[in-house]
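Listed below, chain by chain, are the residues.
Protein chains: 4
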Amino acid sequence: MDPVRKLNFGIVGGGVGGNIGKSHLRGALMDNQAVLVAGAFSRDLERNRVSGDLWGVSQDRVYPDYGTMAAAESQRGDGIDFVIIVTPNHLHYPVAKVFLEHGIHVACEKPFTLTVSEAEELCAIAREKDLEIAITYTYAHYPMIRQARSLIRDGAIGEVMEIVAEYPEDWQMLAQNQKPDHFGNWFSDPAKAGESSVVGGMGIHAWYLLRAMTGLKEEKVIAQFGYYPKSARLESNARILLRYQGGAQGVLWTSSTAIGHDCTLSIKIFGEKGAIEWEHDDPTRLRVALVDQPVQIMTCERAYLYPEARAMSRLPAGHPEGFYEAFANIYREFCRHLLDKKAGHVAGEYYYPDMQTGLDGMKFITACVQSNREDNVWTRV
Amino acid sequence: MDPVRKLNFGIVGGGVGGNIGKSHLRGALMDNQAVLVAGAFSRDLERNRVSGDLWGVSQDRVYPDYGTMAAAESQRGDGIDFVIIVTPNHLHYPVAKVFLEHGIHVACEKPFTLTVSEAEELCAIAREKDLEIAITYTYAHYPMIRQARSLIRDGAIGEVMEIVAEYPEDWQMLAQNQKPDHFGNWFSDPAKAGESSVVGGMGIHAWYLLRAMTGLKEEKVIAQFGYYPKSARLESNARILLRYQGGAQGVLWTSSTAIGHDCTLSIKIFGEKGAIEWEHDDPTRLRVALVDQPVQIMTCERAYLYPEARAMSRLPAGHPEGFYEAFANIYREFCRHLLDKKAGHVAGEYYYPDMQTGLDGMKFITACVQSNREDNVWTRV
Amino acid sequence: MDPVRKLNFGIVGGGVGGNIGKSHLRGALMDNQAVLVAGAFSRDLERNRVSGDLWGVSQDRVYPDYGTMAAAESQRGDGIDFVIIVTPNHLHYPVAKVFLEHGIHVACEKPFTLTVSEAEELCAIAREKDLEIAITYTYAHYPMIRQARSLIRDGAIGEVMEIVAEYPEDWQMLAQNQKPDHFGNWFSDPAKAGESSVVGGMGIHAWYLLRAMTGLKEEKVIAQFGYYPKSARLESNARILLRYQGGAQGVLWTSSTAIGHDCTLSIKIFGEKGAIEWEHDDPTRLRVALVDQPVQIMTCERAYLYPEARAMSRLPAGHPEGFYEAFANIYREFCRHLLDKKAGHVAGEYYYPDMQTGLDGMKFITACVQSNREDNVWTRV
Amino acid sequence: MDPVRKLNFGIVGGGVGGNIGKSHLRGALMDNQAVLVAGAFSRDLERNRVSGDLWGVSQDRVYPDYGTMAAAESQRGDGIDFVIIVTPNHLHYPVAKVFLEHGIHVACEKPFTLTVSEAEELCAIAREKDLEIAITYTYAHYPMIRQARSLIRDGAIGEVMEIVAEYPEDWQMLAQNQKPDHFGNWFSDPAKAGESSVVGGMGIHAWYLLRAMTGLKEEKVIAQFGYYPKSARLESNARILLRYQGGAQGVLWTSSTAIGHDCTLSIKIFGEKGAIEWEHDDPTRLRVALVDQPVQIMTCERAYLYPEARAMSRLPAGHPEGFYEAFANIYREFCRHLLDKKAGHVAGEYYYPDMQTGLDGMKFITACVQSNREDNVWTRV
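Protein chains in written order, with the numbering used here: chain A, 1 to 381; chain B, 1 to 381; chain C, 1 to 381; chain D, 1 to 381.
What the hints contain is simulated information worked out from the structure, not anything from laboratory work.
Check the hints yourself; a few may be wrong.
Derived pair list, reagent style SDA-like, types lysine to any residue, alpha-carbon separation capped at 25 Å [stated by the list, open to error]:
id : chain 1 : residue 1 : chain 2 : residue 2
1  : A       : Lys6      : D       : Asn8
2  : B       : Lys220    : A       : Arg243
3  : C       : Lys273    : C       : Glu118
4  : D       : Lys341    : D       : Arg5
A few chain D positions that, by computed beta-carbon distances, are all more than 12 Å from chain B [stated by the list, open to error]:
id : residue
5  : Asp292
6  : Gln293
7  : Gln296
In this text the structure is predicted, and so the values were computed from the model without any measurement.
The beta-carbon is built from N, C-alpha and C at its ideal position, and this holds for glycine as well.
Starting from the given sequences, assemble the full structure and let the hints guide the process.
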């Protein structure tokens, strides 16, 4: 049997009471490839301390701030190999920068940064220092998305002609989200969220799914934003026309005001020979249609899947896996990459969203914001 | 018991072997309000004769052409009250015109005409002669669409903010549709279909559904067309951004190249208090979501429906009714209108698409064609 | 083009205001193979007269009772070829008997009779006189059931091992059905409905579907009935274990007290190589699973279907057809059989439920009633 | 903020390469209430050692067998509070017994034991020593099952009349499961699995779900087993009629030969006022129907849920949680119970399947086996 290889890692953000931090930690820990040994969970001292106890981090590695943590960990022989960043958007850039500068790999919640130039700067630092950055476009790491990707890559549906993506939720309309302390508050604040709310926070997931599944790169966009309430500073829904390099066309709709929708991200990809569709509401299934054939429904962990797609399930067919496992699928590949780097034998594909996808995502968001501002003209990405 | 009232009617087009004519006839005959007594089914003499036998039309009222039919029927004391027009698009205008000029009401397959001016002319004639025109936007006449309309009218979902409509089919990709004699051939020919193929032939149904459900009128559109094969003269798919009077926004996607889709028209309408969704794949259900409430699934013929919606079902809950019944629901209301007119006591709403909806539909198609031609700029409807 | 062939037919029952009569008539008339020329619609004279006007039956062939009708029609040169019987169950036998004795074919609503011996007598008369009887087990005449039948016949799923059938509705619980004049009243009355209510009225449909799809014959049953209200004389739900000749096993559940169910009949058939499933809630789809393969979803009118299954659709794929068309599919085959008999060239399969299925159905109902009465012991069918 | 409380625990079974052990460990570790400190993962020495490394267990607490482990851990001041047992069925009894005798709480995979008397003996020991036993009937610990339980308890659907449960899978038919080393081999071996295969391995989950949701206790059963291949010693599918105390009736079908089914456990519960339905294929939704009302679809984590049901989700609505979280929901309550016991303030309900449910499950399995053996007569549970 192979010996067990493990990395050490830390986290910035993710204090007790929050939500997204737990998802990252449960994902990063799931496959026993990495051990959480350090954290700057919260600027609240008690919350920081209790978070350390909860996650089993020794209190001498529970740091008061991310700068101290980066400096201290980079000095240790057993210091962290990578850091997870789960702060509000505006802190992604400064936190990532300091850890990269201290030679520590980064896993960062999306969107990567607030601006394209911030993203470019982080990429430049990482490349110079031969460091890796993972961006958690989580929805692309359900097993069936990888099945779709391999099918499309191998020509199963022919040349892609048309794409339809939707990502509605209704969190902005719910009574609980009208409260002063709701996370939606920073999400709607340009200083913390950036120039976009739902395109940056939700639409970007659909954007990345299309990229991951098809490999296509968009050339230009028309974006039309909607605002709720009408006085909102950032958009609450958006409709985006897409023109891809090579001629494929598409439309992407996202909304945080779609009452009755939990998180019903869906993707439809139409080629000249067939079509592939997936819905987050039913993430373990993939709908594959070929011309003049019955529609096929593929499900997770079945023997007919590509090995790389089957391997993304941890349980037998029909035993639902969810969002945490999607996170874990990113971290499993990211850790495998870092472990291989440490061992000096990087080879093959590591299937996780890398720094380039973080940068490209920022370009997409920026182009949408600009198109909307300029009366919905075509805008180059 | 009320005495039985019936109209006489005729048809132009719909000869044996065709498809859409049967749908109109089965719909028009279903509720025993009208008797088919005349027809110019086909320019093929034998097909015309056999069609008459099949549908029980006396051979002396099986006419060689629509002009002869209009003239002869208008002379008879028992002549037809209305004519159904199911020819290719380019004949809608001349056929409708001659029957209207002879004082005969018209039920016409959509799109109404080839151009806005043709539609305006027909409306002018009809209004001058106090005649009615029904346009068979059939999909809006499933029972649950009427339920949606009444719910929205009564404020159940508050002010409408956002609309998402989709209408994919895959007929253009199917092997059988590559044959020379396929109906798709005239559907792709500007001389017979008009300036648009799928917007005029499919998208217009989604357009009308939105109109019927919400009552909103669109102010301007951006339309992006796709072509398959790339050399096609008319579009095979389209993505349309919508801006409604009052500020609601929307997106409409339609495609005849969406492999694996039979006829999966779907409508999502989002208001400030709730949302209503309907799919043609499952036409007997309506999804109604209110903020902070479980989603409700309404089904046909249930006691909790509005009476006007419940009355559109002919069978007990759960016994599927389909496309023919949707046609029948148009014809039932159209015939009731004509019977009331004959009896001199027109009153209340007759729920069928009238001539104004035919004209407005042509304006919508025309605006989409123009926006697509002019690099997808906003175009007033 | 072939000349148009038509039959004449009449109806007993089906007066204005009823439900099931309309379904039969719309089905029998849909394909223009038969003309309604006679009727004893109702014992209420005015309802009888108005029903004749509504359906275009000349008043001299609107008869006060079925005996007069059978006698008069059998005397005419243009008398009816067949009669449709849509009375309450207890009248099926006397009405069918008199028409058969007058040499007239019969189409009868299920269950065929009240007892096995009545059914045997009617079969004997029909066979002696070379007459045909159709029993409207309607649900088996959706197109996809025929696809399933052909697939199973050709071994697509191997030897059938297991069967699961469900047929829940909730009509018995609805407020409207608590009213004195509700049809449920005769349905719960042994004198009119027979010894069984839901097995005879609903379960029998599931029984026939299994027969039609698999060709298997059941050997013995265990039936457990439930009663609502507890004082009811006939069962309101039932669970039935099935043992088929050859060893296949099954279970059939039916209920009229299943709140929230419109008419959700479903069938699952498991073989050694694959499985086939169908739901009445979604009648245009068939789910076909083969070992180690993605599940296939077949839909109506697609080119990959068996020709005999495809031919059962009247509309292009995706345009829903429903209960009336299922009736029409029975009548189309029944009329084709009678027309071929008249023309003297009977050949091939006529796919409709014949008199033997009526008799076998009565044996099934009787065995279930007996098993339930005798503490749920195995009872031979 | 509350101080962090944690338990120590160990595991017997669950070595690297297995499946169910990972599920237990990921579930038990998810909420940071317990730390894995000891294990007898495998009788294979290397697998045992590597498993320890993988899960971070110090090698001095990686034991060669469960007896040694129980003895050693019970001697330590920081010894384990509870042990997880994930061996084949026949070892549940001896392993549980030795840990209980050493004063250690037990969490045991189902079915509890091989026989009723084994289960009774374990319960007696546990009660005498004031120890707790959890049985991982995992499927009952999805959030929506608890919502159903609370709704039924509060009378939302009135008195329960009828129950329909189904649990089909197809693992027994798959090519991969024909291999000599497949887990199905011990699952089909009476010496290791006990007297029943699918009733004990699958049906018991449906049985417990019904118990958890309704609180009803079954009085007697009729069970009909099927065998595939026909020579199999244990059943591969079963149909079970149920009679509950108080008069409710039900039917339960389970199969491991249902091709095309991943793990489609479903439950339908019909009361006099409404109905509740749940499907494992879509575990985050609950279908609630009330008489004469639209069907309601409830989803996880929504504000309209009971607090105890809402609290079982760890992520916002629409972010899928799955099988691991269902395990975690059992372990969270089990650990809370043990922590409260240690702290001396046990109070309220701890929602996990306790030893009585383990014993009752064995009685249910035994009654089914007996009914099947005796020609399917009613057998008391």
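Structure-based check of all given hints:
| no. | hint | in the structure |
| --- | --- | --- |
| 1 | A:Lys6 - D:Asn8 | holds (23 Å) |
| 2 | B:Lys220 - A:Arg243 | holds (21 Å) |
| 3 | C:Lys273 - C:Glu118 | violated (41 Å) |
| 4 | D:Lys341 - D:Arg5 | holds (12 Å) |
| 5 | Asp292 | violated (5 Å) |
| 6 | Gln293 | violated (6 Å) |
| 7 | Gln296 | violated (4 Å) |
Of the numbered hints stated above, those contradicted by the structure are hints 3, 5, 6, 7, listed in ascending order.
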